[in-house]
Amino acid sequence: MLIEPLLKCSNVRKTFGGLQALKEVHFEIGKGQVHGLVGENGAGKSTLLRILAGVHQPDGGTGIVYNGTSYAPHNANDALRSGIVTIHQDINLIGTMTVAENILLNNEPTGAWGLLRASKMNKLAANLLKQYHLDIDPSTPVNELPNDIKKMLQIVKAMTWNPKVLLMDEPTSSLTNVEVEVVLDLVRDLAKRGVSIVFVSHYLSEVFAVCDDITIMRDGRTVGTLRTSDTTISQVVRHMLGRELVEEQSRSARGTQHNEVLLSVRNLTVPGVLNDISFDLHRGEILGFTGLTGSGLSELARAIYGVSGMRREKGTFELEGKATGLANPAQSLKQGLALLTNDRLREGILPDFSITDNVCLPIIDRYRKPTGLLNLGELNAAGREAITKLRVKASGPDAPIKSLSGGNQQKVLIAKWLTTNPKVFLLDDPTVGIDVGSKDEIRKLIEQIAAEGVGVIIFTTEIPDIEKLCDRAFVMFRGTVVGEFQGEKLEKNRILETSVSGRMAA
Amino acid sequence: MTMPITENAGANWKGTLRRSYGLIQSVAVLLVLVIIMSLISPRFMSVINIQNLMAQMSPALIVAAGMTIVMINGEFDISVGAVLALTAAVSASLMPQLGFVPAIFVSLFIGPLFGLIAGLIVTYGGIPSFITTLGTMMIARSLAFVVTGGQVISDLPPAFRVIGLARPLGIPLPFIIAMATIVFGWILLTQTAFGKKVYAIGANRLVAALSGISVKRTKIICLMLCGLAASFAGNILLARIGAIQADTARGLEFEVIAAVVIGGVSLGGGQGNIMRVIIGVVVIALIRNFMNLARIDIFWQDFATGSIIIAAVLLDALQKRIGSQT
Amino acid sequence: MTMPITENAGANWKGTLRRSYGLIQSVAVLLVLVIIMSLISPRFMSVINIQNLMAQMSPALIVAAGMTIVMINGEFDISVGAVLALTAAVSASLMPQLGFVPAIFVSLFIGPLFGLIAGLIVTYGGIPSFITTLGTMMIARSLAFVVTGGQVISDLPPAFRVIGLARPLGIPLPFIIAMATIVFGWILLTQTAFGKKVYAIGANRLVAALSGISVKRTKIICLMLCGLAASFAGNILLARIGAIQADTARGLEFEVIAAVVIGGVSLGGGQGNIMRVIIGVVVIALIRNFMNLARIDIFWQDFATGSIIIAAVLLDALQKRIGSQT
Amino acid sequence: ADPVRAQEKSFRLGYSQFWGTNTFLRTQIAGAQKAMKEWETKGVKVDLIVTNGGDTDTTKQVADVEDLYTQGIDGLLIFPGDSVVLADPIKNIYNANNIPVVVTDIGLGSGDWVSYVVTANEQGGRMAADYMAKNVKPGAKVIVFDHGPAVQCIIDRNRGFEERAKELGLEVLPRKVMKLSLEDGRRTMEDTLTEIPDIAGVFFQNHAPTIGAEATLEAANRLDVKLVNFDTDPTAYRLVKEGKILGTIVQNPFEMGYVGMNSMLTKLTGGTPEKLVQLEPRLMTKDNVAEFADEPQVLDAKAK
Ligand SMILES: Nc1ncnc2c1ncn2[C@@H]1O[C@H](COP(=O)(O)OP(=O)(O)OP(=O)(O)O)[C@@H](O)[C@H]1O
Ligand SMILES: Nc1ncnc2c1ncn2[C@@H]1O[C@H](COP(=O)(O)OP(=O)(O)OP(=O)(O)O)[C@@H](O)[C@H]1O
Ligand SMILES: O[C@@H]1[C@H](O)[C@H](O)CO[C@H]1O
Ligand SMILES: [Mg+2]
Ligand SMILES: [Mg+2]
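Protein chains in written order, with my numbering: chain A, 1 to 506; chain B, 1 to 326; chain C, 1 to 326; chain D, 1 to 304.
Hints listed in this document are in silico derivations from the structure and should not be mistaken for laboratory results.
A couple of the hints might just be wrong.
Each computed EDC-like pair below joins lysine to aspartate or glutamate, with the alpha-carbon atoms no more than 16 Å apart [unchecked claim]:
{"#": "1", "chain 1": "A", "residue 1": "Lys-402", "chain 2": "A", "residue 2": "Glu-347"}
{"#": "2", "chain 1": "A", "residue 1": "Lys-31", "chain 2": "A", "residue 2": "Asp-59"}
{"#": "3", "chain 1": "A", "residue 1": "Lys-468", "chain 2": "A", "residue 2": "Glu-441"}
{"#": "4", "chain 1": "D", "residue 1": "Lys-134", "chain 2": "D", "residue 2": "Glu-171"}
{"#": "5", "chain 1": "D", "residue 1": "Lys-91", "chain 2": "C", "residue 2": "Asp-297"}
{"#": "6", "chain 1": "B", "residue 1": "Lys-216", "chain 2": "A", "residue 2": "Asp-78"}
{"#": "7", "chain 1": "D", "residue 1": "Lys-244", "chain 2": "D", "residue 2": "Asp-224"}
{"#": "8", "chain 1": "D", "residue 1": "Lys-241", "chain 2": "B", "residue 2": "Asp-155"}
{"#": "9", "chain 1": "D", "residue 1": "Lys-244", "chain 2": "B", "residue 2": "Asp-297"}
{"#": "10", "chain 1": "A", "residue 1": "Lys-314", "chain 2": "A", "residue 2": "Asp-343"}
{"#": "11", "chain 1": "A", "residue 1": "Lys-8", "chain 2": "A", "residue 2": "Asp-213"}
{"#": "12", "chain 1": "D", "residue 1": "Lys-134", "chain 2": "D", "residue 2": "Glu-167"}
Please build the complete structure, drawing on both the sequences and the hints.
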């Protein structure tokens with residue numbers, strides 16, 4: 001390289017307890033460059049970013065040089081003040097605070113006496129939102145927003161720090177196509193303006209779309225850096241996984257027929273959220289619900305499962321031909337439903353609990369011995385099985401789930417619901433944060449349980465998932481089902497058009 | 001769907017209304033309480049009783065302002081009652097030599113000092129504030145006994161007593177000071193960057209830290225402010241009563257925490273409105289006052305108090321549930 | 001790169017060690033305290049002193065078992081002291097007519113009943129348990145005054161007193177009962193499905209609810225169990241002291257909450273080890289004993305108590321920090 | 001009963017206090033210590049352990065009494081927080097092991113003691129009512145502010161006051177409960193003035209709330225309301241002197257401790273102390289206040 005890199009890591013290491021998360025990391029980025037960072041779940045990407053963000057301190061001396069001087073931030077504030085700004089992998093906003101408060105947190109405009117300048121704050125927030133095409137009221141509490149908007153807000157928040165180096169950890173997971181484009185445009189634009197960007201993502205097409213260089217991590221090591229222009233996706237995948245990925249034919253094209261109705265939903269209505277939704281799910285079928293964000297996908301999943309807060313005004317359910325109430329999660333679970341929610345942090349994991357305890361929570365009563373005591377041996381076996389089945393990278397079933405990488409946590413949660421042996425499996429954004437290899441495995445797993453007679457419903461804005469995995473798909477628009485696709489009609493462009501227009505595409 | 005940016009004025013107004021909703025409803029519950037009490041005891045609404053109530057609740061209001069900040073920040077301060085007593089004891093015992101202004105001034109350092117010590121232990125030692133301030137409470141109470149020698153200290157300068165006894169425009173000065181403290185707390189919590197940090201840390205300290213907020217420093221400052229409030233209240237109480245003993249304000253911490261929780265501040269932190277805390281303090285003061293006016297049998301007074309507290313909070317919650325359904 | 005399953009046995013063993021680490025270290029802190037006390041007073045380690053200590057701390061241990069369950073579940077029970085007093089009062093006043101076994105039996109319904117009422121208000125009314133049980137505490141205390149008429153009730157059947165005074169193998173029976181209660185709590189919390197639910201709800205009630213756990217029912221049961229513990233402790237205390245007055249065990253709630261927190265249970269719920277709570281109770285009991293042995297001036301006793309509590313918890317935290325670095 | 005001069009002797013004694021931060025109880029200790037000094041000149045040394053029962057917690061006082069036994073004391077002086085609750089360990093431990101017990105104030109309902117020194121509490125209450133009646137109009141309204149509805153000596157004082165006040169034709173209103181503190185005295189007095197503007201007199205069982213109530217009366221210009229109380233301290237003494245507290249029933253805690261310690265050492269050196277020593281309560285008013293100027297309760301602790 002001609003110019004001295006702006007940020008350079010040499011031989012960075014990090015251990016957690018006994019586990020060496022980073023063994024030998026070499027990495028550098030020049031001014032105005034976009035550098036992709038890819039690797040399997042648990043490879044160490046987030047750990048590296050957290051070190052740069054001042055959250056973790058690396059082992060041993062400082063292997064990091066920034067702007068020509070040694071860089072060793074003690075905390076997030078040090079990093080932020082030196083222009084290194086991070087968008088962390090998991091949603092990092094304060095739910096009880098408003099949009100404006102969140103994006104300007106610790107960066108508020110103040111006037112005389114240190115008083116906030118409320119009008120300036122609102123104007124600033126409104127302008128930022130407009131700039132990123134976000135049509136939301138700055139005074140909305142963040143809790144009330146869907147996940148993708150929250151993700152976008154994190155990006156907006158990062159921009160208020162005027163980054164010199166922007167570290168983006170899976171910035172596009174749970175975003176819709178349109179939003180992904182907004183983010184990618186932003187990345188390109190920032191690079192043009194001289195900001196250096198580290199772009200961590202499991203969406204390799206996005207990585208290839210914006211990055212100048214790609215560094216591949218495996219098992220805590222950087223195994224190499226490639227020029228994007230000199231490589232291909234499959235080459236990168238091979239480096240990541242050490243094996244090839246075979247593109248499979250999409251399921252709908254195989255045209256499997258399913259006739260036995262398993263669950264039928266009629267006239268499901270949640271005022272202001274869901275509008276008169278009726279459909280049948282067949283045994284062995286994988287059904288997809290997609291649409292733009294805000295079209296009510298998560299709400300539908302939750303309304304079926306009977307989550308409190310989803311006040312059903314109307315709606316009847318028939319499971320295996322028998323009417324059922326599905327009044328609350330406990331009842332739904334008993335009837336054979338399972339729901340994987342899309343908010344891993346708030347509604348998914350119990351961070352301090354072991355993998356086993358997370359996995360076995362819904363079925364804990366099954367491990368009761370006649371004495372009333374738990375069969376701890378079997379419980380542990382179940383945890384161990386989950387780790388093996390989903391190839392979770394963990395030190396063992398006793399490890400607290402918070403010590404896992406994001407993608408591995410997601411796998412544990414999928415395992416959790418699988419252990420309930422559901423008849424109907426509702427999956428809301430199941431592949432968030434999952435690496436390409438595992439995504440493939442999870443797809444296979446879902447197909448396998450479908451083949452065993454389970455009815456699966458996937459709720460996702462990820463049209464590729466729908467295309468690959470579903471027998472049939474419904475498109476939602478503002479809480480209403482506006483289209484149904486099957487067979488060869490189940491195809492990306494038709495779905496997208498319907499999602500946007502709210503009208504069935506030809 | 002989502003609201004266009006141009007409608008922001010309207011949305012903001014609605015937002016404000018929505019945020020004030022809890023406050024308005026709590027006021028409604030308070031009104032119900034007041035009406036019932038006035039019906040039972042006609043003297044309840046007399047000017048003099050209201051003046052008394054105002055003066056009586058002033059120290060608790062001031063302490064509640066500090067406690068609200070600490071609790072929104074996600075911590076507790078169990079030491080407030082003891083720090084109040086120690087401050088008043090020091091202030092009273094310094095007055096003869098120093099004069100009352102310097103004595104007050106010196107004594108106002110006690111609370112922040114205790115807050116600083118507790119804050120350092122909580123943040124650097126990683127000890128829960130509940131335990132830490134339980135410890136500092138005992139230390140402060142002990143020192144109060146040492147300072148007073150177990151005696152009542154009295155005979156304070158009349159000029160000082162004025163602070164506790166004056167009633168400009170008929171409103172007791174302690175109450176005016178207390179309200180000013182609450183307003184100060186409100187400004188600090190809602191109109192300053194510091195306030196945003198306090199809420200953010202209480203809601204999610206990890207996110208706050210990742211946003212570059214110095215969690216330790218903020219927590220320490222919150223505890224120091226709460227200590228300052230306790231010291232301030234100590235001087236106000238001293239001026240009102242004109243005497244102090246080491247035992248003063250025992251149990252005040254729980255009365256105030258109860259008031260703060262009744263006022264809607266969550267025990268976990270991150271949420272709450274200091275203005276509603278006033279209502280919490282008023283409810284507790286009203287109940288005590290009411291017990292005295294309504295001539296309820298001694299043995300049954302706690303029963304009535306407990307029931308009224310539960311009923312008032314239930315009523316509040318019930319109303320909110322009905323409100324949120326429309 | 002998952003770890004080969006064959007290594008799991010080792011991992012498990014390490015896991016167990018890691019989980020017990022906190023316990024082992026707290027025991028170490030306790031030992032330091034004990035050694036210091038023995039140096040100050042040679043009689044500290046005498047059989048009789050240890051017997052006394054065991055008997056003295058028994059009611060607090062039993063209540064702490066209940067409080068631990070409630071606090072791991074993410075709630076508080078402020079009413080334990082009052083429920084204890086009410087139970088003992090009822091039990092003592094029924095004994096002459098009913099005989100002591102039926103009297104105990106009847107009185108043991110009081111705590112669960114209070115727990116049920118509080119539980120219903122907390123879960124269906126959505127009122128924080130802190131406030132709810134503050135209310136029920138006042139109600140229970142009031143009823144204790146009504147039942148005793150403000151008098152001390154004494155003169156209990158000698159057969160009943162045996163429960164409080166017997167020392168099989170030299171160990172006070174109340175202590176044996178208390179340890180049995182703790183072990184029961186430990187089994188409940190760690191070896192049963194119910195226990196897993198209690199922890200899960202305390203950690204994140206939303207996740208628990210989505211996993212099909214009945215949050216309301218579990219919370220109510222926890223409060224009822226805590227009530228039962230308080231009632232149980234009431235009878236033990238009664239048997240030990242042989243008399244009861246309505247004022248008994250005022251403030252016990254905070255002593256026990258402090259012990260539970262010293263024992264490492266987080267105030268927010270979801271975490272904690274009931275075995276370590278024993279240490280919290282012992283620390284607090286030792287301190288009182290220590291004050292008497294070390295002849296600390298009464299004015300300075302609170303100072304010493306506060307400092308020891310902070311120092312013990314700090315030492316514990318410090319040790320853990322050093323431990324986790326290796 | 002003067003003891004025979006003993007040869008060099010030393011005793012370890014315990015003094016179990018119930019509320020050791022209170023002036024009254026500290027004064028008892030001071031009295032006991034004076035006696036100890038006198039005995040030392042006679043060659044009797046005392047090693048005194050004072051315990052505090054967690055300040056007003058009877059259950060803790062039971063634990064203290066047990067701890068003191070563990071310490072191997074030769075004799076126990078006790079200010080029992082409760083006559084019934086504390087009787088039990090006295091019987092089961094001290095009487096059973098023949099360790100002498102001296103009770104100062106309050107009294108024990110059962111068990112045995114070598115000496116009991118006490119003020120006639122109910123009589124004190126009656127004296128207070130007598131003096132109150134002399135200073136208010138016939139049939140005037142009087143009230144008791146009660147800080148200890150379950151504490152025996154307080155119950156006795158209140159009963160004495162109320163019964164005597166009724167006998168004397170005063171109108172006795174239902175008691176108000178409050179905490180024992182300055183600010184509760186102040187607040188309760190404020191509330192009472194509102195509710196019962198024609199209240200003529202209030203009786204208290206302790207000086208602290210009396211001082212608080214006086215602050216109310218002064219602020220409200222209602223010094224016509226008469227206050228009578230038990231116990232005193234420098235502030236309460238001054239208020240009597242200034243005529244702002246009508247009268248105080250003064251006990252003699254110093255004497256309680258002094259006599260108690262003398263009784264104990266008499267017993268331990270082979271003598272026979274008096275089983276019951278009744279100390280007369282004395283009425284302190286503006287007119288005789290000078291007689292009380294040297295009371296240990298009145299002398300400021302720090303001035304000493
Ligand atoms: N706080 C922690 N304590 C213990 N282990 C941790 C901790 N944080 C990360 N690890 C471990 O470090 C390794 C790397 O994790 P990291 O989160 O960096 O992976 P990642 O590459 O970001 O994966 P993903 O794609 O799933 O987000 C994992 O094995 C993880 O379990
Ligand atoms: N109870 C409710 N009342 C009114 N609006 C609601 C309610 N719950 C959610 N919403 C709103 O409905 C919209 C739909 O959110 P939802 O979570 O279903 O989006 P989604 O289509 O699943 O997208 P994603 O999964 O990407 O978040 C959001 O704008 C959300 O704020
Ligand atoms: O009654 C006792 C004493 O006699 C004294 O009045 C001090 O307070 C009470 O505890
Ligand atoms: Mg990651
Ligand atoms: Mg969704």
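Taking the hints in turn, this is what the structure says about them:
| no. | hint | result |
| --- | --- | --- |
| 1 | Lys-402(A) to Glu-347(A) | holds (14 Å) |
| 2 | Lys-31(A) to Asp-59(A) | violated (27 Å) |
| 3 | Lys-468(A) to Glu-441(A) | holds (13 Å) |
| 4 | Lys-134(D) to Glu-171(D) | holds (14 Å) |
| 5 | Lys-91(D) to Asp-297(C) | violated (28 Å) |
| 6 | Lys-216(B) to Asp-78(A) | holds (15 Å) |
| 7 | Lys-244(D) to Asp-224(D) | holds (9 Å) |
| 8 | Lys-241(D) to Asp-155(B) | holds (13 Å) |
| 9 | Lys-244(D) to Asp-297(B) | violated (30 Å) |
| 10 | Lys-314(A) to Asp-343(A) | violated (26 Å) |
| 11 | Lys-8(A) to Asp-213(A) | holds (14 Å) |
| 12 | Lys-134(D) to Glu-167(D) | holds (13 Å) |
This entry does not satisfy hints 2, 5, 9 and 10, going by the numbered hints stated previously.
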